[in-house]
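S.K.: The listed protein sequences derive, respectively, from chains P and G. Take the first sequence: its position 97, counted from the start at 1, is 98 in our numbering, and no numbers get skipped. Take the second sequence: its position 45, counted from the start at 1, is 46 in our numbering, and no numbers get skipped.
Simulated from the structure, these hints should not be mistaken for lab results. The reader is advised that the hints may include incorrect statements.
Pairs count within a copy or across copies, as identical chains cannot be separated in the list.
[Stated by the list, open to error] Pairs of lysine-lysine, DSS-like flavour, derived with a Cα cap of 30 Å: (1) LYS313 with LYS139; (2) LYS17 with LYS139; (3) LYS46 with LYS316; (4) LYS138 with LYS299; (5) LYS294 with LYS139.
Number of protein chains: 2
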Amino acid sequence: MAYNIKEIALRVGVSKSTVSRVISGKGYTSPEVRERVLSVVEELKYKPSAVARAMVSQRTNNIGVIIYRDQQPIVSHPIYGKIVDSILVAAQARGYSVYLTTDQGMSLSSTDFMMEKRVEGLILISRLRQNVIEYVKKFNIPYLMVNGSTEDPEVMHFVSRDEEGGSHAADYLYRQGHRKLFVIAGPQEHRSHNLRLKGFQENMDRMDGDVEMSVWYSPESSFEQGYRLLEEQWDFFVGQGFTALFATNDMMALGAMKLLQQRSVPIPGQVAVMGFDDIEYAAMYSPSLTTIKVDNSKIGHDAVVMLDRLIKQEKISSKLNEYSSELVIREST
Amino acid sequence: MAYNIKEIALRVGVSKSTVSRVISGKGYTSPEVRERVLSVVEELKYKPSAVARAMVSQRTNNIGVIIYRDQQPIVSHPIYGKIVDSILVAAQARGYSVYLTTDQGMSLSSTDFMMEKRVEGLILISRLRQNVIEYVKKFNIPYLMVNGSTEDPEVMHFVSRDEEGGSHAADYLYRQGHRKLFVIAGPQEHRSHNLRLKGFQENMDRMDGDVEMSVWYSPESSFEQGYRLLEEQWDFFVGQGFTALFATNDMMALGAMKLLQQRSVPIPGQVAVMGFDDIEYAAMYSPSLTTIKVDNSKIGHDAVVMLDRLIKQEKISSKLNEYSSELVIREST
DNA sequence: ATTAATTGTGGGATCGTTCCCATACAGTCA
DNA sequence: TGACTGTATGGGAACGATCCCACAATTAAT
């Protein structure tokens, strides 16, 4: 069992008040006593209990991060990993510690758990149902959402400007001379995939000349599903002579690219490929993937900064924090 | 501020003892009172404070996970992400919550932090200095190491059988007919890279026929460094006519492969490439990468199971937990 | 010399739970 | 009738820190 302040006080021969004063540096202490206390503290490797401290101060300095997911655990997902990384760094720098959980069922139990732990704020990552949000609201603690989908204007929300990004992608591919486009869109329930597609389509429709677009929805926004979708539509794809393929995220784009390479279709010679997100592997792939970069590290960092403000009850300017995305041109186009 | 048990008791008109009994389900409570308590609990969304509970029970149900790193934040690293994922799932299933931190300087501060939080056990991930281990030992709480390097027999340690894996790799490449081998090894300070190389070399040396091996050390085991190393030795590499390239991890192998593809070297036609780890991207790459699979999910899971046992003071059979790695043959060889 | 401020220390309430103990009442049994 | 058991409830100590308050001793100001 860890030592407590009483034990230290006993060994030094002073009261626990005095020990507390030495450790916190508040109040008066004589140099002589201070030294004796510190030497015992060092000797026994005494660390004051954050639990007891939280009890009396009513501040835990903990924040909770919940990653909602459908199936697989998801910290290892390139996007969520980046977000978590930046959250950890930003939180630690501000004196917060992080409880991290993944919630498979979009259930309320992880919220309950965080409330019992008395976290001071909550970061909700990824898609989650409105009823979860309603539930969180009831507890009256600061919370915000990253990369989720909600129409609720009350919810502070960190997302990329997906529609704008989609529009940029269309713009770029059109300027590259592409007129026959094969589009792989993520699940329709996903806000970001929807907006990316919307921005892409609407901008393409505005263009002069006869643009031909064929849009296909993938049941999952994964590498495997990107691969499979193209595989299933292969005859159509080849028959129609598409010159460019756009997917609403990098993972699906890479999946499609993998199939193209297996079938020896030159990229970008015959077909140009473009994704969205700029995950780390987009640059590594061969050919490297042209994409729309979303700065998830910045998003994670800013989310913590904002949560810190909410916790400190500082003034907030806007509920919606949108991040511009930027075109990254690489070998695949 | 969150409600407390006293507030509930006041509203129901009973003592806090009674409320406590209803919530914990221990002791006698009349059905009528029970119902009244539960309805108020539900109405106010009262959640008992885990902080106060930890205070009196002397159990926090928290474990700490520290990822040590050199430079970059690292949850998004494919290996550590997988480990963290599986730790989270296993810990939650056993009623533990997880404090996650990354420690850039291999400092003692994250240990101090975890001790103040009164975690019941500690999982140390990746390379860390012996002085950190010595420091952790002083606190007398269960801890174990994953993917680290230490010769200290006292430390419970979870690693893959790297030497055996390296040996398998050599075996396979030799049987495929390769006699001229270019090897990219990770930093010499890394235990696992060293052992992988050792197993590979020693097994190759045992083979009949004149095997020619050229070993190069990369300053970092990253994609970029794998790429750069081969780039720097390009003339030598091409001039000598190597038929196979082995890297002590997948990241470096992919980096090298990227360069080979950029310079239009057919894989595996002219050069076969092989890695180690079987990160998710090994299978996605084109061509997909032949590698030695390390089951990091299992390692993370088992680490939690073991930590749970240590916390419960159950008997432990062995300090060293080694995991066999398995050959995964793909397109690159 | 008296008052006031400065420095140093200890006592004890407090935070929100759990859990032991005391008490009360109803029903059972000899 | 008294002793005992089972059911139901409340009181209060304990966990380990913080921090207010009281008090003592020393020094400074009037």
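S.K.: So, for every hint listed, does it hold in this structure?
M.R.: Results for each hint:
1. LYS313 with LYS139: within (19 Å within a copy, 36 Å between copies)
2. LYS17 with LYS139: between (39 Å within a copy, 24 Å between copies)
3. LYS46 with LYS316: between (41 Å within a copy, 27 Å between copies)
4. LYS138 with LYS299: within (26 Å within a copy, 37 Å between copies)
5. LYS294 with LYS139: neither (36 Å within a copy, 46 Å between copies)
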